[in-house]
Every structure is written in structure tokens, then in C-alpha cells.
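Chemist: Here are the chains, one letter per residue:
Protein chains: 2
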Amino acid sequence: MKGDDDVNTAMKDEEADGSGEKLLGFNSTEEQPSGPGGQDSMWGNEKYESVPLDVKGIDEDNSKGTRDSLYPGSALWKTRQLDERPKDSKLWPYFQDGQRRIDYVLTYHVQKPPSTRKQKSHSCCLRRKRTSSPSREDPELAAQEQRLDYHEDDQRLRREEFEENLCEMGLEMEKDEGNKIPGVGFLKIHAPWEVLCREAEFMKLKMPTIKKYEVSPGSGIAEKVNMFMQKVTAPLQPKVVDSQMENEKHLSYPFSREKQHLFDLSDRNSFFDSKTRSSIGDIDCVHAEPNDRKILYEEWASYSIFYKYQPIGLIRYYPDAECTARGRKYFGEKVGLYFAWLGVYTQMLIPAAVVGVIVFLYGCATVDDNIPSMEICDERNNITMCPMCDRACSYWKLVTACGTARASHLFDNAATVFFAIFMALWATMFMEHWKRRQMRLNYIWDMTGFEDSESHPRAEYEFRVMKKSLKKEQSPKTGNVKLTCTDRMPAYMTIIVMMIFLIFVTLAIVFGVVLYRVSIMTALHMSSTPTFRSNIRATVKTTGAVINLIIIIIMDEVYGAIARWLTIMEVPKTDKSFEERLIFKTFILKFANAFTPIVYLAFFRGRLIGRPGKYIYVMGSYRMEECAHAGCLMELCIQLCITMLGKQLIQNNLFEIGIPKLKKLLRQRKIDKKHQEELNKTLHRHEKDHFLGPFVGLNPEYMEMIIQFGMVTLFVASFPLAPLFALLNNIIEIRLDAKKFVTELRRPIAVRAKDIGIWYTLLRGLSKVAVIVNAFVISFTSDFIPRLVYQYMYSPDGTLHGFVNHTLSYFNVSQFQPGTEPLEPLHLGYRVDVCRYKDYRDPPWSDTPYEFSREFWAILAARFAFVIVFQNVVMLMSDFVDWLIPDIPKDISVQIHKERNLIVELFMKEEQGKKYRNTMSDPSPQPLRSRPSSQA
Amino acid sequence: MKGDDDVNTAMKDEEADGSGEKLLGFNSTEEQPSGPGGQDSMWGNEKYESVPLDVKGIDEDNSKGTRDSLYPGSALWKTRQLDERPKDSKLWPYFQDGQRRIDYVLTYHVQKPPSTRKQKSHSCCLRRKRTSSPSREDPELAAQEQRLDYHEDDQRLRREEFEENLCEMGLEMEKDEGNKIPGVGFLKIHAPWEVLCREAEFMKLKMPTIKKYEVSPGSGIAEKVNMFMQKVTAPLQPKVVDSQMENEKHLSYPFSREKQHLFDLSDRNSFFDSKTRSSIGDIDCVHAEPNDRKILYEEWASYSIFYKYQPIGLIRYYPDAECTARGRKYFGEKVGLYFAWLGVYTQMLIPAAVVGVIVFLYGCATVDDNIPSMEICDERNNITMCPMCDRACSYWKLVTACGTARASHLFDNAATVFFAIFMALWATMFMEHWKRRQMRLNYIWDMTGFEDSESHPRAEYEFRVMKKSLKKEQSPKTGNVKLTCTDRMPAYMTIIVMMIFLIFVTLAIVFGVVLYRVSIMTALHMSSTPTFRSNIRATVKTTGAVINLIIIIIMDEVYGAIARWLTIMEVPKTDKSFEERLIFKTFILKFANAFTPIVYLAFFRGRLIGRPGKYIYVMGSYRMEECAHAGCLMELCIQLCITMLGKQLIQNNLFEIGIPKLKKLLRQRKIDKKHQEELNKTLHRHEKDHFLGPFVGLNPEYMEMIIQFGMVTLFVASFPLAPLFALLNNIIEIRLDAKKFVTELRRPIAVRAKDIGIWYTLLRGLSKVAVIVNAFVISFTSDFIPRLVYQYMYSPDGTLHGFVNHTLSYFNVSQFQPGTEPLEPLHLGYRVDVCRYKDYRDPPWSDTPYEFSREFWAILAARFAFVIVFQNVVMLMSDFVDWLIPDIPKDISVQIHKERNLIVELFMKEEQGKKYRNTMSDPSPQPLRSRPSSQA
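These protein sequences, in sequence, are chains A and B. Each step along the first sequence adds one to the number in this note's numbering, with nothing skipped, and position 526 is 1348. Each step along the second sequence adds one to the number in this note's numbering, with nothing skipped, and position 595 is 1417.
Just so you know, these hints were derived from the structure itself, not from any lab. Incorrect hints may have been included.
Said to hold, decoys possible - Straight-line Cα separation of at most 30 Å, DSSO-like style, residue types lysine-lysine; simulated pairs:
1. B:1731 to A:1257
2. A:1590 to B:1712
3. B:1289 to A:1576
4. A:1290 to B:1289
5. A:1257 to B:1257
6. A:1720 to B:1590
7. B:1257 to A:1046
8. B:1731 to A:1028
9. B:1398 to A:1720
10. A:1026 to B:1576
11. B:1576 to A:1720
12. B:1731 to A:1398
Claimed, not checked - Short, incomplete list of chain B residues facing chain A, as computed with Cβ under 8 Å:
13. 1558
14. 1680
15. 1708
Please read these numbers as outputs of a predicted model, since none were measured by experiment. For every residue, glycine included, the Cβ atom is placed at its ideal position computed from N, Cα and C.
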């Protein structure tokens, strides 16, 4: 019973276009797995070698109890769509008989390639024979196998057990071992009709019935607007034929063998070929257009059409010319959803970018009317500032900060607040828009009602459970053993300690960069070379930001690997939980990595400096960094700009293009260069695909985008151009990813998915955090609140005139701590008695010198009040927008309702039809009660 | 086709224990509807008479196109469970043949009771005959009917059309018109087996299969804890037999006629009687225990068992002795969920009440150690306060506020902050706990996967659409006409204007009460009677609170009626949308009504008073109210206490017990008193039930509870005893509602429901708002922050000594506005130069007299900072708790997974069984492909 269950699950995973390039377990020590590993669980390019060697020992004792889902040393992928139909019919993705199509290919490594061995193909093995002779068809082979070492033998045994179980489920197989590519075996699998049927029923797969219905064009005005929009956006639509969907739709109903009459039975073969099969397995339609991939290539994976919508339907499946009703899935729903999401995100970035640019331009336009920067730049004000560092620096004139002040205004003006509110609402709109899009796709793809069935436990988990049950000396087959919290406690503790440690590492790195800046600054100040001194600020800022960037990129990779290692240590039960835990850890680490320097800049820099005469020192004698006069916003802005641009450029170019190409080259080098061209001509499609890059899952793509989303929303108040940068990056990113998927990678198994899973939760979390972060940026990092308070509480004439003076406190230079006075007090050419510094403190001549002044507290109160108001107003507005926009688009909900009614109607008709025929053809005739007439 | 569809929907509603006491449309002008209206849509006890008279005219033109769901002048309810089995078999809920059970009864009023007419019963009418003779069985009757007035005739015609449609659906009927109760007709409906089957299949109703499985007892420790808990709570469990569920569970699967073999077919009759039927319709099991209702009465609807858990399973259905597998539904899932929710809420109130009492006791225990109140009560401090009102009042000594200060401490101490945080987390825990409970109930009740099918449009909506299409002179049958935004604009505008107006009315009422208090206060101050003057504060406070309470209770009813009227005007499409819109409006109005006075007290009172010498006046010469010295918290507390207690006592006693009893009396008075006892003996059960109160839906119950939840969470920082009051009320409320449901009301139709719908959203919203409200109460209403700031910033010795002095500013009495000085300046016996008032302002002798001082701004900043920290920390903690507690209890998710596997296993076995039998009994034999063996 257990076996049944397991095989069943395994079956489902495959047929259900189920689990993606599911790795069915490896045991690769000398062998290199030819496939990259599960799409769900794999991350990055690491090899998936987590089942340790001693599995072997257990397998021997317990060969029947082994999870049948372990197919040793194997990888699974789908046959890639041919882009050109080869002349040789042998190269077609068919079994040797030319009849049965290859639905899946499993590959495995054979250590000692039996080059002399002939191609062996068997379509179904029989149970019980295995134990007597491992390969009954070929006695010669059996003899040869005895010569293989123990390990290879064990692998083969387990493979055969696995194959047998597949057989038992009704799948048909053909083997092709070490034929043309030495050391690689292929197991081609064909899913016959009845298996497809059965699994489709178990999965309650929604299938289109014979009944078509017209999609109502909607009510008057809405329809006209829609038509107009369609006309306007027509040039933006990719040139693919999927407009058929718009007017007519097949009523779909969960497939059931008893209700076959609902589905088009006229041509049984073509029905399943074109419909069920394409939804369950992935096959190449006999009469398919030869250039399907070409369409994708031209209408999707090309930079020249960057302005067009993506053909999302196509990415999921091809409509094909002759198997008209439905096409084949190309990448499946999961990949389709990623690109749809990326598309929606990019599309939504357009208004954000436009508004951001307008806000920036507003800043540019008003820079000359900005009273504070005018006051700073006015030579007549002649304000003497206190020195920026001890001893080496001297007094300086505020007018020298003129440039920075003017630049600051570009990002710190009244429009910024508006933009922050706009972006918070934008994030909500984006989430809502995506929910609706997802719902629409679910409906179009017949995924409504699809329930993600829990996948079976991972091999590693099973292995741990087995080890545990062995230790306990219980029967290993009780099945009641599971990993409890106690078992996992060491792993959990390690994870917590490790995560905290890594966060501290991140903080330490930031602190290190700060120290670097402080010390370099001091050193440069000390240096006597005048050119150095003049460019001090710019040099330090730039090198600091670049160092930060490099560290971020390096640590990104390190953290990714550590998160992976920690998750493996945790031994999650299922692939889904593995993926979620991995994503969660990676997200926390990468996020902390990317944002700690920015958070430091935004909220801590320049706040913990003390005051003249009482500075705060770190590491002995280094004074903490100060901000430029116009606040830290400018530096935050530079940091954000460099991080975003640098990260995107480097990661896109180096990691997404460069490294995969390098790997491909390395893979191909293994094959003799000479034979390569020759091979290319004679190789089967699946053999060619062997040399493509492995599909490593969508997680790195999502992660990259989510960090970018963080940059766009979290600190948008300080950098209105962030959406523009993101937009430009994403336009390239879409086509880059598309190219990668179409040409560079092995085609992943189509995976059903209803939503983008944990990523949605993370996005939601980010957009919530963004509200509070922006509130703090506006009220604490920018000078918005002080300006406002000055204008309405202190300004004599209600303008900002005098604001600069108001923000500067007085310091009596005689009160410098001994040894910190400037070495050149007469640097400016006159004696300074009182210098100014940016803070709200009482002057030296008040009763409470250098205490925080009344203005300080009033402004602080205003800052906090602003945070409360901003946070709650924006949250309320977000919730309102959320509530206002229905999650299910109106037309879709109407259509769903209509479909439901049509189904009931269909059944009622059928019902009445049955009544007339009555006992005729009813398989289990039900005595209809004769209706009693009047009783009285 | 349209007709089919409509009837179909109507059918569903009934059979699906669908729509509750669904009102199938009234046309009652002279006639009083005997039933109260739809449970879903009815609210309060108003009659449901919204289809206007001129429906008639349309019906004439369009008698076939009329919605078949209109059953004129009728109400629908279920036969109440007999509590005693009558000796006379005729009194049983069976048709005249004694075979077919009555599943539903429809009643309607006959204007001119044909008392001479014999009881007429026909089980199925035939189409087409109606037009020639309306009642073919009885020509005498037909003649008599011609004498009935036009209206009655029209009604009868429409009823008959409706009956015909029911017939067409396969339902069987028996009529019983004006037999024993004059003027009332009964239409008894029986749902035969095949109809039940069909509808069960359409609805994908999950039915228990033959396959039972053992519910695994879980892992070691958890199970032991569970066992222990069961033992401990054993005396709290109601004495009902439903422990069978615990160990074994029937595997359930959506019912399908093709898969009948999965369900127990051995005794087909009893299978459907005990299983399908009980889930679809509501029947009385033949061999039922006679005292089912008695169990409910004794083990649920009794005050003496207030400490016990509710038998939620029983409320939903009865397990019965002989139809063992499943019982009948008593109130169905929707009512079951309400009581389950109420139970969870009450249970969760226990820890809240306990902690609340502890916090209160902590306040009591520390009242003597409280430095600020000690300082106030210390005669030696001799602080002279400024007068409380102009002219009439004089200076007073702070020591006279001693009592209030001590009382304040009970509710305003350090523990309050802890309690507010605790309650915010408590609210989250409660929501989580309820989600889990709901999930568990869904699983036990086989509701997982149940989808609420959209119900058909309301009669009023259809009528409006019809009117619209007639106006447009389109064919009224196109069906494409619907109400657009334009049609609804007037209604929407009215609603918005009306809602805003009503909110303003609420504000005006509060302001009115404030004015009352201010003027009475002034008047009493002016009065020369010394007893008056001494009790001024107490008198004004108490009368104010009582007036508030009375206004709240009266306006509650008014707002309820207005909300209903507005919703009817809106003409929502479906009952569900009607209910949601009604609830939403009622919630806003009732919530504003209940909380505006409290919000005023908490946040506005005592803040807008100005300062001595510059008071703010309203209505000419009334100074705004001040708070007592120790803040407004005490008064807020009194208001909350009176509102909660008064509202609950009055509403429970008067509205929930008194008025229904009165109505019942009135209903029974219609029948001759003499005949009544006689009738009671001979009446059928359904005829007796006619005199019970109508079931008006659960919304008033929910609304009451949600307002209470608001009281408990929103201002809990000011009144830690609120949970205790709520707990005491709810313990009574549960049993009160239970009694009402069991004995007072007509038994509602069992309605399927998966969740508590919009109420959950409202609860969530409230618990979110509660966080911010409590943050503000703590930081602004209580003295928590000023105390903290004083202690850490200003106190010379780090204690609260000197705090009272610190909070009081100085006022030079020579600066009173002319005419506002006290008339008796020497009231205290000495000349006053400088009086004190509670505020943070600079003293008269500073540079900026009477300006807000530095302390004011510092404390304000601290207050705001506290709000931010509190809000975000609590929100974060809530989210964390939310994330920590899985929505689906572990054991349930394990069991669901197990069930899914078992189902697949079952099918696989069946599959293999089929293969052996192969072409034997397969109804639509499918040629299994012969498996090709080795190909090479």
C-alpha cells in the first residue's frame, strides 16, 4: 500500500506537469549529475548532492522500502521543442516504433560507458524477474554488469526498481544508454492514454468540454472603452494568434472518465492528443508548425520589441495550427506567472517613473527659487561654521556648501512628500493590479479551483526519518516516525545563531566602511597636498559607495550559499517547504545586506556626532561622520543610485549572461571538438538538449526583482528617479530572461501554479514597511518638517527667509575641548569667536547653554506627529484602495458565474434526456419513483 | 432556458439547506405575511414588504416571464423537531399517505378563508392544464375562486405557476389550505430521492463514503497533553454523545451518481434517509429519539450549565440513535458557526478578564504608594488652583481633588500599558484562534472545498431591471439588461448624503450633551443651595452619562431602520450583497453612535479649554469642559462602564426577551382563546410552529457582539474591567440566545456556511484600529508619558516626587479677562496672587509668559514617539503571532492530507479491480491498449 501511494505521488508529480524539473534523488559521488536538480528546490548553479553516500547501506537492507521516487543519478527534463524539423525521422521525439511519443526524458550517468553495447530499449519491464536477472533482455549485458563496481551496481538496482514502479503505474519506457554521448544514459518515457485519463481525474484537472459559449462583450460604455483601448494598444500587442480566446470559450469541467460524453469524443485519439495530454504531459503535436519556438523567439525574446506586451499565453503554451483546440505548454503556468508578474511590475513602473521624473524636474525648476539654498549661497550672509574635524580642519564658510545645498533641493522639496504618498498608493495599486491579473490568468488557464496537492516528502527528509527509526530500533516501516521539534532543535539553534551572526557581520561591514570613510577623511585632511584636500568629500563618498557596492555583491553570493546550507541542514519535509524556508532566509540576508548601508545613511549618519566641544568619538579618536549642511538626503541619494545601477549592471551582465555562457562552454569542451559538428547533425533532440544549461528555478529572478522593488518603494522619498532606473533595467531584464529561457536553458517541465506564492507575501510586507520607512525619511532625513515648522511657527513673515540661520546654533570657540581646537584658527583670515553648527541648541549665553532648545523639541514633536499622520493616512488610503478594487475582475466573475450556470444547465438537459431513455442505457439503473398523483 | 435556470436556482436554495428561511417574494397588501422574511436579508422585526403593488401589472403582461421564485405571500420554514411523539399518526410530519416526509412547509395567507372547503391535497400538478382551469381537481373550488377578488386571484395564479415549476424540478407537494387555522394555507413539500441525488451532485456535496479510517492519535507528547486536557475539561463538556467522531471518521467525497458504489449502497433507502437527505434537506428520522430537542434544551439552552462548553455539533445537527451514521441538521452550519464563534469569544474573554482584574487589583494595591496622588492629598503642599468656571467659581485647593486622583490611579498606572499591549495581542490571538476553530469545524462538517454558489438575484432587483427594460422599450426578456452605476447614482448619492448627515447628527448629539453638561454645571455653580454645589461634579457626570446611554439606545434602533431603508433603496443584486451592504451601513452608524461620546471624552475633552485669562468659549459664554486634575481617564472610565452595562442590560432584557414575548402574545391573540387549547392538541407540528416568533437572522446578534468587542478592545487602556463585564454578559448571552433559538423562534432552515463572512473583516478592522486608539489613549489621555518624562528628564532624584508641581503652571490673577474674575476671591480665606492650572506653560515672569514651555514640547514629542513605537511594535507582534500560529491546525492538515491519499488509494484499487474484470461490466468500455513488450 505504501508503495502504491509513493509511486502514485511520484506519478502525479510527473504527469501533472507537476513538480517541475523534479529531481528524483541523486546518489552521485563519482558521477556528475547530468541534470541540475529540481527546479523547485535548486538555487543558483550548485549541484544537488545532498543525499550522503551511506544511503546505500540502508537501501541494501531495505530495498523494497526505499522511496520509489529515487531514480539514482538522474535528472528529468522535457524534450525541447524542435525549431527545425529534421529530415531523419529517427531524430523525432518518438520511441523506436515511431508511434509513441516521448513525453519525458530521464538522464543518468554511467560510470564506465559500455561503448560497445548496442542501444537497448525496453518499453516495460516486469516485476519479480529483476531479482533473478537484472537485465533479462540481454544476457551479455548482465555479464558485463557484474564487472561494474559495487556502487554502479547499486545504482542500477535502484534505477531498475524505480523503473519497475513507473511501469506498474502504466508508463511505457525506452532506454538509450551511452549511445552517442558516452557516459550518459537516457530513459525515455511515454504516458499512455489511460494513465493520462486516470491522473487527470485524480487531479480533477479542468478540461474544456464540447460546449462552447460566447463571451458576452459586456455592457455599453465599458465595452466601448475596452475597444478603444484595444485599438490604441494594438501596435503594442505581440503578433501572435490568440484572439480566438476573446469571443468564444470552451466550458471547462473537471475531467472524469464517467463523464466522457461531456468532452469531445468523436475522435478519441486526437481529443487526448490535443487536449488532455497537452494539459497533463507535454508532447509534440504530430502536425505542429515547425517554427513554434521561432515565434517565441521573435515575438518575445528580442530586445527590438521591448515596447510590446509579452505573449504570456504563448509562454505558457503554444496554440498550434492543426491540433487547434489547445496547444502544448511551453514553459507552463509557473514560468508564465513569473513573466506575467514581471510584465505587470514593469508596466506599473511606467507611471511611477513618469511621476518620479516630474518630481525631479520640479526640483530642477524650483532650485533657483529655493530660499534656503539662496541664503546659503548668498555671500553676504557670511556665516562661519565650526570645523568639520579636530585640529586638522579649520573654520569654514557656509557659502562653500552652496553646491550641495542646491543639489539637495533636487531631491528634497515639497513634491517629495507627495511622491512618497503616491508611491505608497502605487505599491498597493500594483499588488491589487497583480491580484486581478493573476485571477484573470487563472481563469483563462482553467486554474480556478486548482488545489496544490501536497507533494511527497523530500528524499533527504525520508533519509533522516529512516535513520531516526533505525536508531530507535523500531521497524523502519511503521511510517509513524517523523521529525519532531526535538530532532530539529540543533538545526534550528544553528540557524538562529547563524542568522544573528550574519546580521551582525552585515552591521560590522557597514561599520567598517564608516570607519574607512572617517579615517580616510581624517588622513586626507591631514595631508598637505592641496588637490587632495579640495576633492576630499567627493573622493570619500565615491570610494565608500563603490566599496559598499562590491561588498554587497560579494556578500550576496555568500549569503545565498549560506542560506542554502542552513536550509539543507534544517531538512524540511517537502520541496515546497524547502523552497519557502530557503527563500525566507535568503530574503532576510540579502535584504539586510542591500539595505543596511542605506538605513545607516538615512537614519544614523550625522545624528550621533555630539556637538562642538563635546563630540562623540569612536575607536579612540575618530569623530563620527557629519552630513553635508543640507542633510544626509543627498548622500543617501548617491548611495541608492550607485547601488541600484551597479547592482543591476554587474549582476545582469556578469551573473546572468557571462557565467552561464562560460559554463556552457565548459560543458561542451568535454565532448571532442572534432566530433561535435558531426554529432550535432545526428543527435536526437533530447541528446542535444543535454548540453544546454540547467534550469535553476525562478527564485534568483524573483529575488533580484524583489530587492529592486524594495529600492523603488522603501527609500523612494529620497530618490524619485529610482522607478525610472528600475523601469529601464526591467525592460532589458524581461527580454534577457526570455532569451535565456528560450535559447540558453534546458526547457523546464511545465509546472502548474496558481499564484506566485511566498513572493506575494514578501511584496506585501515590503510595501507595508515602505510606508513607515518613507514616513521616517521624510520627517527625519529630509528638512521638510523643520522648514514647515519654521514657516508656520517661527518665521516673522511666513516665508522661509531666515530658515538657515534658524537651523544653526552658536558655539563659543573658547569652549573647545583641549587639543581639539583647529590648528589654523585664522584660516579664514579673521579671528573667530563664535562659530555655528547645525543643531537646535541653546546659545552659549542662555541659562542652559548647549541644551536642546524649545525649537528642537517642537520640531521633534512635529516630526513624530508627521510620521503618525503619514503612516496612518497612507495605510488607510491603501486599505481603501485595496477595498475599492475588487480582487476578481468584474467580467471574470460574471463569466465564472455564467459558466457555472451553463454547467448546471448542461447536466439538467442530460438528466431530462436520460429520463426519456429511462432504463435503456443506464449502467446502474435507478428505479425512478412513479410520481404519485393526487391523493385526496 | 431562462426558466429552467431560475427554477434551478430556486431549487438549490431550498434543497441545499440553502438560503435559510428564504422569502420567495411577497405581495402582501391586505394580507399579512405569515412568515417574517428571509433569514439572510431580514433584520429586526420589520415586515418584508418591499415589492410594490404594481408588480401585479407587470405580472399580467408577463406572467410566464415572472421570476418563478416568487411565491406570493408566502414564508418558508422547516418543520420543527417534535419534542414529544404524538399518539395520532396524522400529526406526524408526513404527507397524507404516511410515507413521504414533509421536508419544507410554505405558508401563505388566504384573504377569504374558504372555511367550508375541504382540505385539498395534490402531490404534483401538470403543466398546461392550469390555464384552462386553475384547480382541476375540484370544479366547485374553481367556481368559488372566481368570486375571490382580483388580487387574491392574481396571487393564486402566481402561486400555482411557482408550484408548477417546483413540480417540474421533481419536488412533490401537498396543499393544506385554511384547514385548521383560518386564513393560512400550507404547502408541504417533499423532496424525493432522485432530486436529492441530483442536487447533491450539482452542489458537489461532500458525503461520507463507506470507507472509514482511524484518526491517528498524534505523536507522543502532544497526545498526552491532549488526553490530560480532555480529562481536566471533562466536567465542562456537555453530556452528549459525539465522541464517536474522535476515533473514526468516514472518508468523505463529493457525491456523484456515477460513483454510488463508493457510498454505502446496501440499504439504499436508509442510506439516503440517514445521509444524503439529512445533508440536503432536513427530515425527521423515522426512528428518531423523541426527545432530541430536549437534549439541546438541557445541555445547551440552560443557564445552569453556563460553565460548560456548547454542544456545537448538536446545534448543527443531531446524532440520532438508529439512523446512526449522521443525524439531522438542527440549525445548520451558519447558526452553528455563530454559536461556535460566540463560544470562542467568550472563552477567550476569560484570560482577558483575569488579566484585567489583576491589573485593576494592582492599581488598588499600589494606590497608597502612588507618589502623585500622595502629593495631591498632602495638605502641606497647599496648592491654590485657578477657578473652574468664570465668576461663580472661586479658587480651590488641590487637596480637594484627592479622591479623584486616588481613583484615577486604579485605571491609570504602569500596568495599563502592559494591559493595552496584552489586549492588542489578545485580539490577534482571538482572530487566529477563531480561524483555527473555523477550519476545524469546516473539516469536521465536511465543508472543506465547499464553494458558496452565487445566489440568484433578489426579486426587487429583478423588478427594477424589468422596469428599466420596459422603459427602454426593449424586449423584457433579453436578460442583458442590468442596473448600471448610472441607474444607481441617485441611490448612491442619497446614501452618501444620508450617511454624512447621520454622522453629523451623531456629532451634534454629542455636542448637545456637552452643552447640557456645561450649562447645567454653570447653572448649578450659580445656584446658592450648598448641597447642590457639593455634588455638582457627580450629578453632572452621572446624568450626562445616562442621557448619553438613552440617546445611544434610541438612536441605535433609528439608525438600524435608516440603514435598512437605505439598503433597500440601493437595490443590491443578490441577498448576499444586500446583507453585506446592510451590515456595513448599520455597522458604521451604530459604531459611530456608540463610540463618538467616548472618543470625545478620551481625546477632546479638556484639551480645547484655552488657559486662565484666555479661555475658549462656546455658544457665547460657556467655557469648555475641563477634566478633573488627574486627567480625563476617570470620566472616560465611568462613561464606558455605564454604556457597557446599560446597553447590555437594557438591550438584552428589553429587546431580546421582552419584545419577542410581547409579539408572541399578540400573534396568539388572533386565534380564539377558547379554541386554543383544543387546537394545540390537534394541530400539526407545522401549524403549531406558525405561532412561534420568526427567525430574523443572526445579524443583530453579531452586531451586538461586535460593538461589545469594540468596547473591550478599543478603549481597554482606560478600563481594564471591560473584558470582565463582557465575559459576564456573554455567559448569559449564549444561553439566552440558545433559549430563544430552541423555544421562541420558528426553526430556521439550515444554511451552509464556511465562515462568518463580513463579520470577520469587521473584527479584524476593529482590532487594527484598537492598536492605534489604545496608543493614543495611553499617551494622550493618561498621564503615563508625562510621568515617564518627568522621571527620566526632570526629576532631581529619579522619582516622581515633585511631579504634581511640575504639571502645574502659574497664572497671575491680575491677568484675568475683565468680568471673569471670581466673585468671591477670598473664598479660601486668603488673598490669591498666583493660582495654578494644569498645563505646561511658561510662568508669568518668564520672557514668554503663558507660551507653551520646553517641557510641553518635550512631552509632546515623547507622546508622539510613544504612539509610533507602540503602534508599530504591537502591529509587528500581532503579525508575528499571526504568522506563528498556522491557520490550519496541524492535526487537521495532517488528516486532510491523509484523506486525500486514502481517496486516491481507493480509486487505484478500484482501477485495478476493473482491469481484472476488464470488459465485463464497464458501461462504456474503453479499449485498454495492450502493453507493448520489448521492442528491441
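Chemist: Determine for every hint whether it applies to the structure shown.
Modeler: Hint check:
1. B:1731 to A:1257: violated (40 Å)
2. A:1590 to B:1712: holds (29 Å)
3. B:1289 to A:1576: The given pair, whose Cα atoms are some 42 Å apart, is violated under the 30 Å limit.
4. A:1290 to B:1289: Violated, at roughly 74 Å.
5. A:1257 to B:1257: holds (23 Å)
6. A:1720 to B:1590: Roughly 37 Å between the alpha carbons, so the hint for residue 1720 of chain A and residue 1590 of chain B is violated.
7. B:1257 to A:1046: Roughly 44 Å between the alpha carbons, so the hint for residue 1257 of chain B and residue 1046 of chain A is violated.
8. B:1731 to A:1028: holds (24 Å)
9. B:1398 to A:1720: holds (18 Å)
10. A:1026 to B:1576: holds (22 Å)
11. B:1576 to A:1720: holds (23 Å)
12. B:1731 to A:1398: Given that 30 Å is the threshold and the Cα spacing comes to 29 Å, the pair holds.
13. 1558: violated (34 Å)
14. 1680: Holds, because the Cβ-Cβ distance from residue 1680 of chain B to chain A comes to roughly 4 Å (cut-off 8 Å).
15. 1708: With Cβ-Cβ at 12 Å, over 8 Å, it is violated.
Hint check: violations occur at hints 1, 3, 4, 6, 7, 13, 15; the rest are consistent with the structure.
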